[in-house]
Amino acid sequence: MNVLVCVKRVPDVGGRITLTADGKDIDTKFLGFTISPHEECAVEEAVRIVEQHGGSVTVATLGPEAAIEQLRNSLALGAHQAVLVETDGRQFGPIGTAEAIAELAESRGPFELLLFGNESADAGNYQVGVRVAHLLGLPIVTGVKALEIRADSIRARREYQGTGEIFEVDIPAVVTVKEGINLPRYPSLPGRMRATKATIDKVPARWREEGLTTEMLHVPKQERHTAEVLGHGADAVPKLVALLEEIGILA
Amino acid sequence: MSVLCLVEHDAEGVTTPSRRALTFARSASSRLGEPLVAMAVGEPSPLVEGDLSRYGVVEAFAASSAAFAAYAPLAWAKALLELASTISAAAVVAPGTDRGNEVLAHAGALSGAPVAANCISVEPDGGAGRFKVTRYRWAGSLLEDAVLAGNPGLMSVVPDAAPNIEAPSGEQTSVKTWQPSFERTPLMVSVVETVERPVGSMSLGEARVVVGGGRGFGSGEAFGPLEELARTLGGVVGVSRAVTSNGWRPHAEQVGQTGTKIAPDLYLACGISGAIQHLAGCRGAKTLVAVNTDAEAPIMARADYAVIGDVNEIVPALIAALRERTGG
Chain H
-10 MNVLVCVKRV
0 PDVGGRITLT
10 ADGKDIDTKF
20 LGFTISPHEE
30 CAVEEAVRIV
40 EQHGGSVTVA
50 TLGPEAAIEQ
60 LRNSLALGAH
70 QAVLVETDGR
80 QFGPIGTAEA
90 IAELAESRGP
100 FELLLFGNES
110 ADAGNYQVGV
120 RVAHLLGLPI
130 VTGVKALEIR
140 ADSIRARREY
150 QGTGEIFEVD
160 IPAVVTVKEG
170 INLPRYPSLP
180 GRMRATKATI
190 DKVPARWREE
200 GLTTEMLHVP
210 KQERHTAEVL
220 GHGADAVPKL
230 VALLEEIGIL
240 A
Chain U
770 MSVLCLVEHD
780 AEGVTTPSRR
790 ALTFARSASS
800 RLGEPLVAMA
810 VGEPSPLVEG
820 DLSRYGVVEA
830 FAASSAAFAA
840 YAPLAWAKAL
850 LELASTISAA
860 AVVAPGTDRG
870 NEVLAHAGAL
880 SGAPVAANCI
890 SVEPDGGAGR
900 FKVTRYRWAG
910 SLLEDAVLAG
920 NPGLMSVVPD
930 AAPNIEAPSG
940 EQTSVKTWQP
950 SFERTPLMVS
960 VVETVERPVG
970 SMSLGEARVV
980 VGGGRGFGSG
990 EAFGPLEELA
1000 RTLGGVVGVS
1010 RAVTSNGWRP
1020 HAEQVGQTGT
1030 KIAPDLYLAC
1040 GISGAIQHLA
1050 GCRGAKTLVA
1060 VNTDAEAPIM
1070 ARADYAVIGD
1080 VNEIVPALIA
1090 ALRERTGG
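Protein sequence lines, in the order shown, are assigned to chains H and U.
Heads up, the first sequence is in the working numbering, so the first residue is -10 and it goes up one at a time.
Heads up, the second sequence is in the working numbering, so the first residue is 770 and it goes up one at a time.
Derived from the structure by calculation, the hints contain no laboratory data.
Here a beta-carbon is modelled for each residue, glycine too, at the ideal position from N, C-alpha and C.
Treat the hints loosely; a few may be bogus.
Derived coverage of chain U by chain H (criterion: at least 3 residues anywhere in the stretch with Cβ under 8 angstroms from a Cβ of chain H; other residues may be distant) [claimed, not checked]: (1) 788 to 794; (2) 801 to 812; (3) 876 to 885; (4) 959 to 967; (5) 1033 to 1044; (6) 1053 to 1060; (7) 1085 to 1096.
In isolation and in its complexed conformation, chain H is listed as follows (with noise of 0.2 angstroms):
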């Protein structure tokens, strides 16, 4: 089976977001970049299917050229071929996005199964992947945390309301996955000196106008406050105690 897997260069925010004098964007000076949490889950997915079933994956990302790094990272998980969309520094929106990818997976593929993280970390758009099954007139299962694959088909378990609904769906197929699918694997040694030596093919994204422009970014007020210290140590726990029967947590 020949998986294609998509993964999104993020910042890696930690504790507090910081943004450029023009509001536009993350200050990135002082950050690091990952892979969005959902889509390290995909990339592990599409591992463990090859290694069960047979066949390749193919790790595709949309980025500047720095994107290189979280293709080298899935790539160093067991990914065996890495492209990346290059972008000219634009922002692309979920649209162009999945138009590229589609375009990608037709002259790349054919692929049985088309994984992508439910939604990225930063934009939260919940599309490219929906876009990219409708471009290539496939099947898409949204959200999934358990993946079964069956000779000509997928059975994709998601949860709603605390309910688990099962779809059964012909390959190919999209599927976007969520955290919790499974546990990824940190890479190994001899995975890392593979990432680094491999080729990594590029292809220039062409970007578009989508309709949805953004003005202004800010961090809501009310993030910050002052936290009231109730003491130190287990010196701190009779207060402790007098909070919690006071906001009634304590019978």
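Using the hints, position chain U against chain H.
Frame of chain H, contents of chain U only:
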């Protein structure tokens, strides 16, 4: 013209995320001076009709089709677009639930239109088909002001934090059964089976008390006292992503942007530094108490109360104090 809102409903009426979507859609409809119309899939209970009236819905369509026997996202999207076109909707709004976002993504893909996901506010921006929206990025840790150009404008609404306000004066809602005319295709996949949660299991998202543990615990074995504290307080354990990524605890316990969003009366966060990823999941807590060795940890900027110190000392001391209090 009108503003169309997709409404999810259950035995208790319109769901809370959909009430927020209705509040948002009504704000768009009153600014545009267009009526608020709702679409529900399936047979709504009489309670739904009362809810729709209270939220200012003028006209509601109960979409009925063999394609809706089980949840089928693409079929829902086809119906939504068909109705939007029939009533010339200027905007189509959905709750920002997994289903709502998924249905709107299908609607956007079918029509080639942009979708603004997880908005908290909207106002028309001059001409037809232009909306100024504020939407969530980073699950609400960052807000984006954006202009959405789309006719209709497709928008979903933050399911757990957008305003939920009934209309100042209710409407006499007329509910009609409506049969969309779309053809079913093999791409309209639907749920083939559902698996209920075990009876009696408490869900993290609904727990009244959550006792959180972070990287500070150092290993999976170290969570024993935290579990005991959670039991003592009648709550459940929630953990940070560092804990689940290390395999110390199952992902089902993760509180955060990619885990569960909690809204307890008390969130007692022990040894959790407060990464953006985690804070996005516990914004709904009524009272947040942080226990941490680092008084400057990011969680302190969000906590209501803090205890400075080592969780391995404080958690057992708290359990002992609670036992003593109940004489056990």
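Status of each hint after checking the structure:
Counting residues of the region 788 to 794 of chain U whose beta-carbon sits less than 8 angstroms from any beta-carbon of chain H gives 0, not enough to reach three: the coverage restraint is violated. Residues of the region 801 to 812 of chain U with a Cβ under 8 angstroms from some Cβ of chain H number 0, which does not satisfy the need for three, so the listed coverage is violated. Requiring three or more residues with a Cβ within less than 8 angstroms of a Cβ of chain H, the coverage given for the region 876 to 885 of chain U holds, as 8 such residues are present. By the rule of at least three residues with a Cβ nearer than 8 angstroms to a Cβ of chain H, the coverage given for the region 959 to 967 of chain U holds, with 8 such residues.
With a threshold of 8 angstroms between beta carbons, the proposed coverage of the region 1033 to 1044 of chain U by chain H holds, since 5 of its residues qualify and at least three are required. Against chain H, the region 1053 to 1060 of chain U contributes 4 residues with a C-beta closer than 8 angstroms to a partner C-beta. That satisfies the three-residue criterion, and the hint holds. Counting residues of the region 1085 to 1096 of chain U whose C-beta sits closer than 8 angstroms to any C-beta of chain H gives 5, which meets the bar of three, so the coverage hint holds.
Checked against the numbered hints listed earlier, the structure breaks hints 1 and 2; every other hint is satisfied.
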